[in-house]
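Trainee: Spelled out from the first residue to the last, the chains are:
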Amino acid sequence: MSSRFFRGGGDSSTESSSDEEELYTTEEEEEEEEQEEQESSELEDDDDEEESSSDDEAGPKKGAGRFLVDVASDSDDSEAELVTKVKSAKDKRFDELEAIITAIQNSQKINDWGTIANEFDKLSRQAVKLQDGSKAPKSYIKCIAELEDYMNETLAKQKVTPKKMNATNARGLNAVKQKIKKTTKEYQAQVDAFRKDGDAFMESSDEDDELPLPKSTKLKLQDAVIPEAAEDEEKGFSIVDKRGKAIPFSPESIQKHLRAIIESRGRKGTDRNEQIKIMEELNRVAETPYLKIRVLQTLISARFDLGSGGSVMPLEQWKAAEKELGALLTLLEANKDHIVIETAEEWEDDDKVPVLGPGDKYITVPGSVVSYIERLDDELTRSLQNIDPHTPEYIERLTDETSLYNTILRGLLYYETIQKDSSLDVPQESLNRIVQRRLDHIYFKPAQVVKILEENSWKQVPDEVDSAIAPRGLLGDAGKLIHSLCNYLFNKSEGIIRARAMLCQIYFLALHDEYYKARDMMLMSHLQENIPNFDVATQILYNRTLVQVGLCAFRKGLVYDAQNTLQDICGSGRQKELLAQGVMMQRFSQVSPEQERLEKQRQLPFHMHINLELLECVYLTCSMLLEIPLLAQIGSSPDIKKRVISKTYRRMLEYHERQIFTGPPENTRDHVMQASKALAAGEWKKAIHFIHNIKIWDLMPSTEDIKAMLAKQIQEEGLRTYLFTYAPFYDTLAIETLSTMFELEPAKVSAVVSKMISHEELAAALDQVTETVIFRKGVELSRLQSLALALSDKASALIETNERTLEVRTQGSANAFSRKDGRQGGQRTGGQRTGRGGARTGGTGQRQAGGTQFTGGALGAAVRG
Amino acid sequence: MVDAQKDAPFKSAQVESLVVMKIVKHCSSAFPTTATGSLVGMDTDGVLEITNAFPFPTLDVSAADGHQADASSLAAAAPRAKANIAYQNEMIRHLKEVNVDANNVGWYTSATMGNFINLSFIENQYHYQRENDKTVALVHDVSRSSQGALSLRAFRLSPEFMAAYKEAKFTTESLQKSKLSFHDILIEVPVIVHNSHLLTSFLHQIPAPPESSEIPLPASLDDIRREPAPLPAYPFFDTLDVSIDPFLEKTCDLLLESIEAHYSDLNNHQYYQRQLAREQFKISQWQAKRKAENAARLAAKQEPLPEDEWQRLFKLPQEPSRLEGMLNARQVEQYSKQVDSFTATVTSKLFAVRGNLLPE
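Residue numbers (full-length UniProt numbering), protein chains in the order written: chain A, 1 to 865; chain B, 1 to 360.
Beyond 12 Å from chain B on every Cβ pair, some chain A residues (computed): (1) K142; (2) M151; (3) R284; (4) T402; (5) Q428; (6) M521; (7) Q581; (8) I610.
Taking lysine to aspartate or glutamate pairs in the EDC-like style, the calculated list, with each CA pair at most 16 Å apart, reads: (9) K794/A to E257/B; (10) K794/A to E260/B; (11) K182/A to E148/A; (12) K181/A to D192/A; (13) K445/A to D477/A; (14) K349/B to D241/B; (15) K794/A to D265/B; (16) K323/A to D400/A; (17) K794/A to D253/B.
Bear in mind the hints are in silico, worked out from the structure with no lab data behind them.
We put the CB at the ideal spot given by N, CA and C, even for glycine.
Working from the sequences, and respecting the hints, build out all of it.
Mentor: Printed below as a string of structure tokens:
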């Protein structure tokens, strides 16, 4: 109805109030409904309005016309349906409105601008509620117009009279001035109409009421709008969707909508949900693949925007984004001539859709599929971080990983296809990133799981597509898959991605018990030297890999290697932090909230965790197996007290020994500690019992093997401990005796003893004829000798420290070492110094060896001689 | 040492044998607890005569309980304990009444293997020397004396050290300025053991028993002419002891202890330096920031903010005293000298042994 009315812009004065009339006269309800909708749409359109308002200044009438044009469609639609209505509410509002207007008028008389300002605020709120379509109640318009006049008058007066207004009044006046300006702009047409002929405006009759009915023929949505749009174009105005649901979506206007949305991105007050709704609509209308691609891209970005700013992306949004990303990929697969690529140029012309030129092979769309995928992945991780891992919700959420993996695979395939065309110049980095993402999802999973995941994903991919990087044929073999993915990254990437690929592969190998391969790769990568230069996430991955290699060594029964590898992580007492599996409580922390937030962000989702208790258990058990014999060895010679393998373990052991009463073991630590005690006392059976009682071994694959391995290790170490402890009391010892004592084969016993002898841990000889161990006496260092050795070590360490200090102080200049003694000073150039330093350390090492072993060093020789 | 003596108000300490005997008796009876006592005497013509000594009373509460360390530290701190000062004054008053020299000239302490250089010793000597410059600390090393020769040494604090200690300033800077090193903490004063003429004549009159019941007849004239040197009254074979281990072991232990102490001192200092560097970094950051701010303000034609506010905002950490380190160094020097002198005698003994044992 209003469209009809406004199209005849000239005589608007008589009809402009048609909508208001309805409020008074018609009993129809939809008005109210509409109002609500319009309120909401009004709000979101505020921005647009303000933007366009500058244009409006030039031709206010047209501006208003522009904005009323579209009413047609929606009122036409709504006219059709009828709802029951409660009239009294509306009347009441009108009464209120009138009351406010009267109050304003009264205040005007006494020139009380403070009150006016307050009342005007109320009035505006009320008017919005009562608004019908874009038309405010007539009385409201009248009031505005009058108020504006009066205000201008007052302002003019104020300029002339020197007397100043009081503060409240001045403030009120200013407030009103600004508000009125805004409001009049909004209702420019009506205000103008009122100005032209106040009475006519107020009395404009209800004649419209009858009119809408015949006119409310259901125009086809697009039909109605397209000419409209065209018209507007000519007049130099752009279409602005005003009317809630019924935004005139047309393929042609899509680009403009998108531009508007993209421009409003990141601004305050943008209602993202609303935009998403609009774009969902647009997506439905979009016809050409180009437009579809554009809409989907914007839509996905908009959904991601919902998750930004600290909050987690809502689940349904994530799902929708994932689906849309899938749709986008499908679209791209189906339309080979459309390419989404990072390097493409922005299409500037909103009115035209790019078409395939004769020389062009592709229509390129700027965008980055890999970024979408990465973002989707990150969002999933974030949401997993926020869900309590012990709830079914977590598991449910985890199932989304499959679909995500599927998307990653498809993205990868897509990139591979477009990379085949060299003319496109696809950056290698995108491909690397997506391969890396794929790797990230499989490296920590057992082969069977990877296999299932792969199978499911490949099912979603059309049969004829295959990947060059990791062909479909690799489906059954997770190891090969990882290998080929990593190899690809080794060849094509550098820096962090290459390091990560390396670590992923090592992790996978370690997880699958390929210790030697994993260890060799770890050593060959030389990552331990430059890992501090990488970002934190990579460092965490490094730590994880290290731990995994250590666990692998343990499973293989390589206690020494396992302990050595795990030492760095577990000895620090900050496992949680180092593996990003929980935030440490720091007592004296000076952690800013910012750091804490970052820390939280780094946390790994629960399903990727390495079981910390198992880790501790492995570490402690390894430490026990190494430390107990060492402690026994130290017990007999007091001078090597300093040698400690694991400080953490020592501390625990000391703590355990200090306890007056030790109850039965409760946790893993207690078990290991009591086992240690038993082992030190030679009760190896008890030790085995304690260790086997630890529940957590069940988490290891092939528990029984591990337990058997542990039992064997404990027997051997028990034997060693026994020999260390009791060697001074024996002259000879039959291997047979030892063999029965520790239930080991005689061959094994002699092997252990020989090893100890050859390592100079035991002053003994093996008599093979009589099968006995013959101990030698009096070969230990005298107290003075050991003290002297300790002293010389200390002294050389001191010298080293001093020289280092001097070097720091003098910035390593060679002259710094010239002493007062000129002869010496002349000789000591930098190069020589380092040479000598090296020699000295070598000497120290030798001496240390002498200290720890009884025959080493010059003194040992002297004693023997 | 010669130079140092020039400034010293006395050149040597003359100790009466009575005092020596008293000190030896007191110290060895208290061993291994530290024993301390007071010295009285007088200063004449650049010689400090120490004519009498008396021990400080020991509080035997802790000794009975077996808290040796506590007893030791209590005894070590005795010379400057309030109760003992009163005791000492009382004692000197009594001595005056019997016409003994009644001037306090210092104190004595026992030591084991020269391990006397510590804060307590310094504080004691400072306590005495502050009041009266002509005081000395006698150190009787029980362990070394038991090995043969009497070890009694006299020390005083150098005037430079006194000055530095008065200000309690042992920062790197002040040490660099005053050029005070660990060599200059203590001045050793030569000790002369003096016997009264009466005592000397008494000693000469002690009848010595014949060396053997029968004196062999000289075989020839040459024998008589040669006149073999008369052996001491009782042959003392301890000096021929060649056992090296106990002494060296003990010294090694002590040296290790010193090095440990040095390390902890070093760590303290490194900690301080790190702290200082961190603080200074903060300050320089602050200054840079303030400078930039001021530049901005200058551009905006505003009053510049004061640039020396950092003195209020930041507090530099206190430098740990270097005294401990100096004492440590002095102590190590002492030990090394000890080992030096010990090995010098022992080596000759070893050569003698070898000469006797090896077949010609």
